[in-house]
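Asker: One letter stands for each residue in the lines below.
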Amino acid sequence: MKVAPDKTCMQFSIRRPKLPSSETHPEESMYKRLGVSAWLNHLNELGQVEEEYKLRKAIFFGGIDVSIRGEVWPFLLRYYSHESTSEEREALRLQKRKEYSEIQQKRLSMTPEEHRAFWRNVQFTVDKDVVRTDRNNQFFRGEDNPNVESMRRILLNYAVYNPAVGYSQGMSDLVAPILAEVLDESDTFWCFVGLMQNTIFVSSPRDEDMEKQLLYLRELLRLTHVRFYQHLVSLGEDGLQMLFCHRWLLLCFKREFPEAEALRIWEACWAHYQTDYFHLFICVAIVAIYGDDVIEQQLATDQMLLHFGNLAMHMNGELVLRKARSLLYQFRLLPRIPCSLHDLCKLCGTGMWDSGYMPAVECTGHHPGSESCPYGGTVEMPSPKPLREGKKGPKTPQDGFGFRR
Amino acid sequence: MQAPHKEHLYKLLVIGDLGVGKTSIIKRYVHQNFSSHYRATIGVDFALKVLHWDPETVVRLQLWDIAGQERFGNMTRVYYREAMGAFIVFDVTRPATFEAVAKWKNDLDSKLTLPNGKPVSVVLLANKCDQGKDVLMNNGLKMDQFCKEHGFVGWFETSAKENINIDEASRCLVKHILANECDLMESIEPDVVKPHLTSTKVASCSGCAKS
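Sequence lines, in order, name chains A and B. First residue of the first sequence: 1, per full-length UniProt numbering; consecutive thereafter. First residue of the second sequence: 1, per full-length UniProt numbering; consecutive thereafter.
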């Protein structure tokens, strides 16, 4: 029996196409990276953020310079409110530090019985994970690095603070970059609390949240990338589970891109500009840019997983971001959206559909337990499920919703 | 043109509690290297390994590395689908991971069977045997008994770090899968059997003869 490692790999061509200008957001090149002076311009003399929306928009397009991430991220993660003054923030930090140490005290004063359960359910896994999280990052490098210990305490204390969530694998991946930028342990903890409130991260074993994300993503693909969607449909239930993107969602692309690019993507998502679901537009962008082979070669579920797995760390994050912004822009221009994606644009109030424009909501059916569409969607389509039947009538949803390609 | 080859493609699962070394075993087996700092697997990864089983037979293995912390109750069902065999791994230095072995085996058997309804072949790996703390391993007979009771086709003391017994364990599993495939061929019409995830050629029965 001989082993031929050379032949264990399938061949993939990693294409790095450029986006045609018709596929970029019209405001794409208007924003530079947010640097110190631009950041200070957003603050008034009391240290309040003058126009939060403008700031978030600037970050969405341009990102934040590394030198001020530690200062700006706490705003994005809703630890600091935008209205707070510098003075109030200092007071908040003190108060929160006290609160943090109380949480830690609570953890350290568990009864032996409580501690056994905590060790089994949380601490054991945290201990396993912190020593294998971002150890290549200078900040966490080396034996007995005190920052690893900080990360460990933050995660343990979080599980005490929020026992319903506790600890799930992957949380260490999310907290590590925040600690490396924010530096202070208590501040990082509270930033992480904010992050967890806004991530799709879910505690095991039930995961309605993940299902919801996948549902939205499927719908978004159906709207924006019909060919890919149809390929998934042709693979049946397994294809629609989209195994290839679970890690994308759970770790917010952290392992798909080199850190600098991944953090740019985080910032763009955290900006909550026009949508809370920008990460889904990132998913679609990856599929749009790197998924042609999947369709052309009719890759099966497992091959798709391999295809996208092999692309990890070889994709162009800036290109993906640009494409995702353009997808969001095009989504806004749709005359009609299906009610299944109604929640994708909860931020319509300020931004999603400013100037009072609202697209029509069309009901795509399937509202168990409710006679009418809870989103007020109207039924204009001939059938709620024309796609599955594969018949291309003149008014199938993809004709109505489809993006100009 | 080469002489006609028999090609098999098998999906194998690698499961077990977190931190027992599943990823390390796969990296050692496929890439011949080791690091003590592999990141926690989130969701599922997989790697490919090609075995030249004998002059006429090529076996391609798809090793599915499944996160140790169960996150999605339903999702594991999807991960398990169409697998032909599995390794269940525990860490000899941590008795709790051995206690979880039966749980993993039950979970697997409840979610996955061969087309003929039989459970898939599973090999038990007692990993990190290089650590010199193999309290459980002192009694090989006990392990044999355990495997018999729980339906494992075999067990191996392994070390991903020192590259001990991983090739052997894999060969054992593949041997049983090939033999199983013979049974499947006999019991069901050939065109109904789909042992391959992506069928290359319909395999003729060879595993039994080889085993």
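Hints should not be assumed to be uniformly reliable.
Unchecked claim - Simulated DEER-style distance windows between Cβ atoms:
1. Asp54(B) to Glu237(A): 24 to 30 angstroms
2. Thr113(B) to Ser22(A): 33 to 39 angstroms
3. Pro119(B) to Pro258(A): 40 to 46 angstroms
4. Glu113(A) to Glu149(B): 40 to 46 angstroms
Claimed, not checked - Okay, derived cross-link-like pairs now, SDA-like style, lysine to any residue, Cα gap no bigger than 20 angstroms in a straight line:
5. Lys27(B) to Gln131(B)
6. Lys54(A) to Ala271(A)
7. Lys212(A) to Arg77(B)
8. Lys32(A) to Leu46(A)
9. Lys6(B) to His176(B)
10. Lys98(A) to Met110(A)
11. Lys105(B) to Gly154(B)
12. Lys103(B) to Phe124(A)
13. Lys27(B) to Arg132(A)
14. Lys57(A) to Lys98(A)
15. Lys27(B) to Val361(A)
16. Lys111(B) to Lys54(A)
17. Lys32(A) to Asn310(A)
18. Lys27(B) to Arg120(A)
19. Lys128(A) to Tyr38(B)
20. Lys105(B) to Tyr80(B)
21. Lys27(B) to Glu83(A)
22. Lys6(B) to Glu56(B)
23. Lys27(B) to Asn310(A)
24. Lys118(B) to Lys27(B)
25. Lys111(B) to Ala312(A)
26. Lys103(B) to Arg120(A)
Stated by the list, open to error - Chain B residues, not near chain A, derived (Cβ > 10 angstroms throughout):
27. His5
28. Lys27
29. Lys105
Since the hints were made in silico from the structure, they are not lab data. Note that beta-carbon positions come from the ideal geometry of N, C-alpha and C, so glycine has one too.
Asker: Would you mind marking each hint as holding or not holding in the structure?
Answerer: The hints, checked one at a time:
1. For the pair Asp54(B) and Glu237(A), the beta carbons lie near 37 angstroms from each other, so the given range of 24 to 30 angstroms is not met.
2. Hint check: Thr113(B) to Ser22(A), Cβ distance near 52 angstroms, so the stated range 33 to 39 angstroms is violated.
3. One distance hint, 40 to 46 angstroms for the beta-carbon pair Pro119(B) and Pro258(A), holds here, with the actual separation near 43 angstroms.
4. With their beta carbons about 33 angstroms apart, Glu113(A) and Glu149(B) fall outside the hinted range of 40 to 46 angstroms.
5. For the suggested pair Lys27(B) and Gln131(B), the alpha carbons sit about 19 angstroms apart, so the restraint of at most 20 angstroms is met.
6. A threshold of 20 angstroms between alpha carbons decides the hint, and for Lys54(A) with Ala271(A) the separation of about 10 angstroms falls inside it, so the pair holds.
7. Annotation: proposed proximity of Lys212(A) to Arg77(B) holds, straight-line Cα distance about 18 angstroms (limit 20 angstroms).
8. A C-alpha spacing of about 25 angstroms is found between Lys32(A) and Leu46(A), which places the hinted pair above 20 angstroms, so the restraint is violated.
9. The suggested pairing of Lys6(B) with His176(B) holds, with an alpha-carbon distance near 17 angstroms, which does not exceed 20 angstroms.
10. The suggested pairing of Lys98(A) with Met110(A) holds, with an alpha-carbon distance near 19 angstroms, which does not exceed 20 angstroms.
11. Among the hinted pairs, Lys105(B) with Gly154(B) is consistent with the structure: their alpha-carbon atoms are about 13 angstroms apart, no more than 20 angstroms.
12. For the hint pairing Lys103(B) with Phe124(A), the CA-to-CA distance comes to about 19 angstroms; that is within 20 angstroms, so the pair holds.
13. For the hint pairing Lys27(B) with Arg132(A), the CA-to-CA distance comes to about 16 angstroms; that is within 20 angstroms, so the pair holds.
14. This hinted pair does not check out: Lys57(A) and Lys98(A) have alpha carbons roughly 34 angstroms apart, beyond 20 angstroms.
15. Distance hint between Lys27(B) and Val361(A) is unfulfilled; the C-alpha atoms sit about 49 angstroms from each other, more than 20 angstroms.
16. Under the criterion of a C-alpha separation no larger than 20 angstroms, the hint pairing Lys111(B) with Lys54(A) is inconsistent with the structure, at around 51 angstroms.
17. Restraint check for Lys32(A) and Asn310(A): not satisfied, since their Cα atoms lie roughly 32 angstroms apart, outside the 20 angstroms limit.
18. Taken as a hint, the Lys27(B) and Arg120(A) pair is broken in the structure, with Cα atoms around 28 angstroms apart against an allowance of 20 angstroms.
19. At roughly 11 angstroms between alpha-carbon atoms, Lys128(A) and Tyr38(B) fall within 20 angstroms of each other, so this suggested pair holds.
20. Only pairs whose Cα atoms come within 20 angstroms are accepted, and Lys105(B) paired with Tyr80(B) is accepted, the gap being roughly 12 angstroms.
21. For the hint pairing Lys27(B) with Glu83(A), the CA-to-CA distance comes to about 50 angstroms; that exceeds 20 angstroms, so the pair is violated.
22. Proposed proximity of Lys6(B) and Glu56(B) is supported: the alpha carbons are some 6 angstroms apart, at most 20 angstroms.
23. For the suggested pair Lys27(B) and Asn310(A), the alpha carbons sit about 15 angstroms apart, so the restraint of at most 20 angstroms is met.
24. Using a Cα cut-off of 20 angstroms, the hinted pair Lys118(B) and Lys27(B) is violated, with the two alpha carbons roughly 30 angstroms apart.
25. For the hint linking Lys111(B) to Ala312(A), the alpha-carbon distance of about 30 angstroms lies beyond 20 angstroms, and the restraint is violated.
26. Restraint check for Lys103(B) and Arg120(A): satisfied, since their Cα atoms lie roughly 16 angstroms apart, inside the 20 angstroms limit.
27. With a least CB separation of 12 angstroms from chain A, His5(B) remains clear of the 10 angstroms interface cut-off, as annotated.
28. Every C-beta of chain A lies more than 10 angstroms from that of Lys27(B), the closest at about 12 angstroms, which supports listing it as non-interface.
29. Residue placement check: Lys105(B) keeps its beta carbon more than 10 angstroms from all beta carbons of chain A (closest about 18 angstroms).
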